[in-house]
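Fit chain B to the known structure of chain A by using the hints.
Going line by line, the protein sequences match chains A and B. Heads up: the first sequence begins at 1 in the working numbering, then just goes up one per residue. Heads up: the second sequence begins at 292 in the working numbering, then just goes up one per residue.
Keep in mind that the hints were calculated from the coordinates and are not lab data. Keep in mind the model is a prediction, meaning the values are calculated, not measured. Positions of the beta carbon are idealized from the N, C-alpha and C atoms, including for glycine. Some clues are possibly wrong.
As the list claims (entries may be wrong) - Computed footprint of chain A on chain B; a stretch qualifies when at least three of its residues, placed anywhere within it, have a C-beta under 8 Å from a C-beta of chain A: (1) 333-346; (2) 395-406; (3) 421-428; (4) 431-444.
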Amino acid sequence: MQRTMSSALFRPLTKRWRMQREWTDGRRMQEVAAEFIKPNDRLSSFERLEIYNRQYWFRVLDCMYDDYPGVRAIVGERKFTKLATAYLTRYPSDSYTLRDLGHRLEQFLRDEPEWSAPRQELAVNMARFEWAQVVAFDGPSKPAITPDDILGVSPAKLRLALQPYLSLLDLDYAVDDFLIAVTKRDSDVLRSEASNAMDSAPKIATRRKPVRMPKRKKVWLAVHRHDNSLFYKRLEPEAFQILSAIGQGATVEDACEKSIALSGRKRIDWAAEIKEWFNTWAALGWFCRRS
Amino acid sequence: MPANSFNGFTEYGIGIGLRVPHYRHILAKKPVVDWFEIISENFMVDGGRPLEVLDAILEQYRVVQHGVAIYFGSADKLNREHLRRLKRLVKRTNTPWLSDHLCWGSVDGRYTHDLLPMPYTFAVARHTAEKIRAARDVLEVPICVENVSSYAEFHASEMEEWEFLSEVAELADCGILLDVNNIYVSSQNHRFNPYDYLNNIPHHRVGQIHIAGHSKFEKYILDTHDHPVLDPVWKMYAHAIKLVGKTATLLEWDDRIPSFDEVHNEALKANKFRDQQLAAAAV
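Okay, chain A solo, but in the shape it has when bound (with noise of 0.2 Å):
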């Protein structure tokens, strides 16, 4: 019973935000709802079932738009109802918290363009970076390495590890200047917390004035927080090849080696520049042990 009934939850709405009428083996949907679900003097078992198929997506539909205000600005709402529902139908929640429901939309994305055509590729930049500030709202932290915990480590055997909480990203669009854009736009409402029931359509059919889309250009990000609260850091390239490597597991001389042998800048004075990198990670924490 409870496989039947998740199933029929899971199955997508019809345009009109109803439950759709065929079942998956082409039989009436009243007629499989009456097997399972008594009728009364007001609903039939169709209707019944479907106050639950409603109340599913309603919920869903909403913690995405919620969650992802840059991608849903990328591909338009309208288009992103879709999305967001094909995402689902694909990826039901495997998590037993609403935190999780868009961690394989990065994937999903990748894996079919045409739901965020004919911009994919800022799409899913736009999905990893906001998937970035949900690892960093409430991530785990690992104590911070001060620099007294590493006086006299020589830099040659010195490794670090990066809090779990942060994330490197690079990326091939301005996605942090354009989600900045966007929320200016929209005053977003908190979602509900506990509620048991959604008893109206998702927000996804308001429109909104356009947000102009973000050019092609390089952009290294840090996405993290800073007495709990959430950050996103431009980066240089060569900070963000040094941390990248550090995160990996290279000592704190290779990682700095290598990213400036691959830097294409010159007449930097380096030992000043990555002086103050390190002054300024250290700062914000993000340096811990490696376990």
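Using the frame of chain A, we list chain B on its own:
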């Protein structure tokens, strides 16, 4: 004095659900509130702002945990990772008891994020009770199960909902979180007398009560938690506390959330109402 053996917290008074729009007000103004109920899953995270807020609340207030995703009624086994995180939170909050719903919501590891009704059969009651016992063994804290509001009934059911709730609670030897609003909503949707429900559950197992608002539609009532408590629910609440005695009560308001002061005023109203009813019953 506890009113019953599952109700050792009669002095907890009227609680309020801790909700995001009120964080700033609560932390800045520190209003007098008997206790806060938190949605466990919102704080079963690894770090960041949610836990910072929770710790600040715990410094000032008593907190009781209420879950929405254990799904005691799902055919699936208990999710061990969920329980591990829940236990970590129990240790953090020192919740005196913990509640979740008498419902199902996941199948084969896929989650509906809804509180779905169960067929009221003896086999389902046994399965559900086993899961409640197993969860309690892991969590090491008393568990109360909450009756949900529902919009569907199943052909397979062998008993009334209140008989099913009683059967599960007895088999699991657990407490009941009696949601008076949910009883009212279901009674209107399924045409039963809500007072039959109140009169026929094991009153000595009621450890907590929920009251809330709901929305009326043409053919059914929806449990929206987006209104003040309505008159029929106040009347049922009065009857319930006469039956179960002084019991920790939570005012739920989860959608279209008004200012903290408005929710707080509704809680104060509930507190006064409860005391008046108990005083009248004592005469």
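In rising order, the numbers of the hints this structure does not comply with: 3
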